[in-house]
Structure formats: structure tokens, C-alpha cells
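Peer 1: Sequence:
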Amino acid sequence: MAPPARCATEPSELGLAERLRAIDEGNGCEVPNPWRVLTLANVNFSQPATLNCGMANPLNDWLQDVVQPAAQRRFSESVVSIDVVASYSCRARNNKRGGKMSEHGYGNAIDIAAFTLESGRKITVLDGWRGSSDERGFLQLVRQEACNDFMTVLGPGSDRHHRDHIHLDLQNRRSGQHYCS
Numbered sequence: 001m002a003p004p005a006r007c008a009t010e011p012s013e014l015g016l017a018e019r020l021r022a023i024d025e026g027n028g029c030e031v032p033n034p035w036r037v038l039t040l041a042n043v044n045f046s047q048p049a050t051l052n053c054g055m056a057n058p059l060n061d062w063l064q065d066v067v068q069p070a071a072q073r074r075f076s077e078s079v080v081s082i083d084v085v086a087s088y089s090c091r092a093r094n095n096k097r098g099g100k101m102s103e104h105g106y107g108n109a110i111d112i113a114a115f116t117l118e119s120g121r122k123i124t125v126l127d128g129w130r131g132s133s134d135e136r137g138f139l140q141l142v143r144q145e146a147c148n149d150f151m152t153v154l155g156p157g158s159d160r161h162h163r164d165h166i167h168l169d170l171q172n173r174r175s176g177q178h179y180c181s
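Heads up: the sequence shown runs through residues 1 to 181, numbered per the working numbering.
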């Protein structure tokens with residue numbers, strides 16, 4: 001089932017974003033209030049992310065309140081862009097045929113593979129997870145703190161599908177519990 005179409009603040013008020021027409025592919029993939037997001041919290045996206053309206057607020061908050069302070073602490077500079085490797089995509093979890101629908105199929109998830117700093121230095125999840133102490137500390141902190149804003153947070157160590165990126169989503173669980181691995 002698609003997530004609710006409402007959001008606290010429209011993405012266009014948080015950054016560079018434009019409203020899209022509702023997506024309904026007729027096979028379970030639907031996004032009632034999709035947005036094409038290019039920038040949030042003064043952080044550019046490497047490619048436009050198609051997200052449901054509800055994803056924009058926590059993503060903006062996480063970038064502003066977690067990612068930027070962590071980058072300042074570890075590198076004494078700001079993050080200027082993130083490498084978005086997936087947003088809306090009509091598919092099953094982990095692309096497994098016949099599997100449960102991925103939160104990407106609702107525009108309810110984003111995958112981030114790297115963070116680029118003002119100096120041009122790129123901190124990739126794949127290399128940084130085992131990189132310098134500052135890279136490791138930064139990536140571990142932003143992943144851990146994402147658990148406060150998102151219902152599911154996956155990354156290196158979760159499974160083989162998430163070794164090179166951080167997956168963030170707002171999957172609605174009956175228990176209301178967060179899943180951070």
C-alpha cells in the first residue's frame with residue numbers, strides 16, 4: 001500500500017523540487033504525491049530523486065541536523081552534494097523476483113552512495129566504511145542517527161545488497177518499530 005500523500009512542508013519550500021503527476025503503474029507501485037527533488041538543506045543531489053512528499057521532511061532534517069554537523073566535526077567543511085543511486089523504482093526488495101514490494105516502489109526510500117565535501121573530497125560508503133577514522137566515524141554516525149528520522153536504515157554489514165550505500169525509508173510497520181541494521 002502506498003504511503004499517505006501528505007507532508008508537513010512541501011519539498012519546494014525546503015529546497016529545489018517540483019511536484020510531479022501521481023504515479024500508479026497498476027502493479028502495486030504508486031506514489032500519490034510524488035516530487036522530483038534536486039536539492040534539500042542546501043545539499044545537491046547527483047541526480048533527481050523521485051520521492052513521495054513524506055520523505056522530503058525527514059531527509060531534509062537528517063541532512064541539516066545530522067549530516068552537516070557531522071561533516072563539520074570530522075572534516076571542518078560542509079557536504080555540498082550526495083550521490084543518489086536510487087529513489088522511486090517499481091521493483092521488489094533487493095530486485096528479487098516475486099518478493100515483497102520495495103519501499104522504492106512507493107517513492108518511500110532513497111539510497112545514498114557518497115557525500116561530497118566543499119573541497120571536492122568524496123566520502124563513498126563503499127570505501128569510507130573501512131577508510132580513515134574520520135571517514136568511518138562520519139559514515140557510522142550519519143547512518144546511526146538516521147534511525148531517529150527513518151523507519152529503516154540499511155548499509156554495510158546489513159546484507160550484500162547494501163554494502164556500497166545507505167538505504168533510508170519510511171516503511172510503515174504495525175509495531176511502529178525502527179529497523180536499523
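Any given hint might turn out to be false.
To be verified - DMTMM-like, lysine to aspartate or glutamate: derived pairs with alpha carbons at most 20 Å apart: (1) K122 <-> D159; (2) K100 <-> D61; (3) K100 <-> E118; (4) K100 <-> D149; (5) K96 <-> E13; (6) K96 <-> D164; (7) K100 <-> E25; (8) K100 <-> E10; (9) K122 <-> D83; (10) K96 <-> E10; (11) K100 <-> D83; (12) K96 <-> E25; (13) K96 <-> E135.
What the hints assert, rightly or not - Label pairs and their computed distance ranges (CB to CB): (14) N27 <-> D134: 25 to 33 Å; (15) D134 <-> N94: 43 to 51 Å; (16) S133 <-> R19: 41 to 49 Å; (17) Q171 <-> S78: 17 to 25 Å.
Read the hints as simulated data drawn from the structure, not as lab findings. Yeah, the Cβ is synthetic: ideal placement off N, Cα and C, and Gly gets one too.
Peer 1: Take the hints in turn and mark each one as holding or not.
Peer 2: Comparing the hints with the structure gives:
1. For the suggested pair K122 and D159, the alpha carbons sit about 23 Å apart, so the restraint of at most 20 Å is broken.
2. With a C-alpha separation of about 29 Å, the suggested pair K100 and D61 falls outside the 20 Å cut-off, and the hint is violated.
3. Of the supplied pair hints, the one linking K100 and E118 is violated, its CA atoms being roughly 39 Å apart against a limit of 20 Å.
4. Proximity of K100 to D149 is assessed by CA-CA distance (about 23 Å); at most 20 Å being required, the pair is judged violated.
5. At most 20 Å may separate the alpha-carbon atoms for a hinted pair to count; K96 and E13 exceed this at roughly 36 Å.
6. At most 20 Å may separate the alpha-carbon atoms for a hinted pair to count; K96 and D164 meet this at roughly 18 Å.
7. Proximity of K100 to E25 is assessed by CA-CA distance (about 16 Å); at most 20 Å being required, the pair is judged to hold.
8. At roughly 29 Å between alpha-carbon atoms, K100 and E10 are farther apart than 20 Å, so this suggested pair is violated.
9. Restraint check: the Cα-Cα separation between K122 and D83 comes to about 9 Å, which is no more than 20 Å; the hinted pair holds.
10. Between K96 and E10, the direct Cα distance comes to roughly 33 Å. Violation of the 20 Å bound is thereby established for this hinted pair.
11. Using a Cα cut-off of 20 Å, the hinted pair K100 and D83 is violated, with the two alpha carbons roughly 26 Å apart.
12. A threshold of 20 Å between alpha carbons decides the hint, and for K96 with E25 the separation of about 18 Å falls inside it, so the pair holds.
13. Proposed proximity of K96 and E135 is contradicted: the alpha carbons are some 32 Å apart, above 20 Å.
14. Here the CB-CB span from N27 to D134 is close to 44 Å, at odds with the stated 25 to 33 Å.
15. One distance hint, 43 to 51 Å for the beta-carbon pair D134 and N94, is violated here, with the actual separation near 31 Å.
16. Restraint check, S133 to R19: a C-beta distance of roughly 42 Å satisfies the suggested window 41 to 49 Å.
17. For Q171 paired with S78, a C-beta distance near 30 Å fails the hint of 17 to 25 Å.
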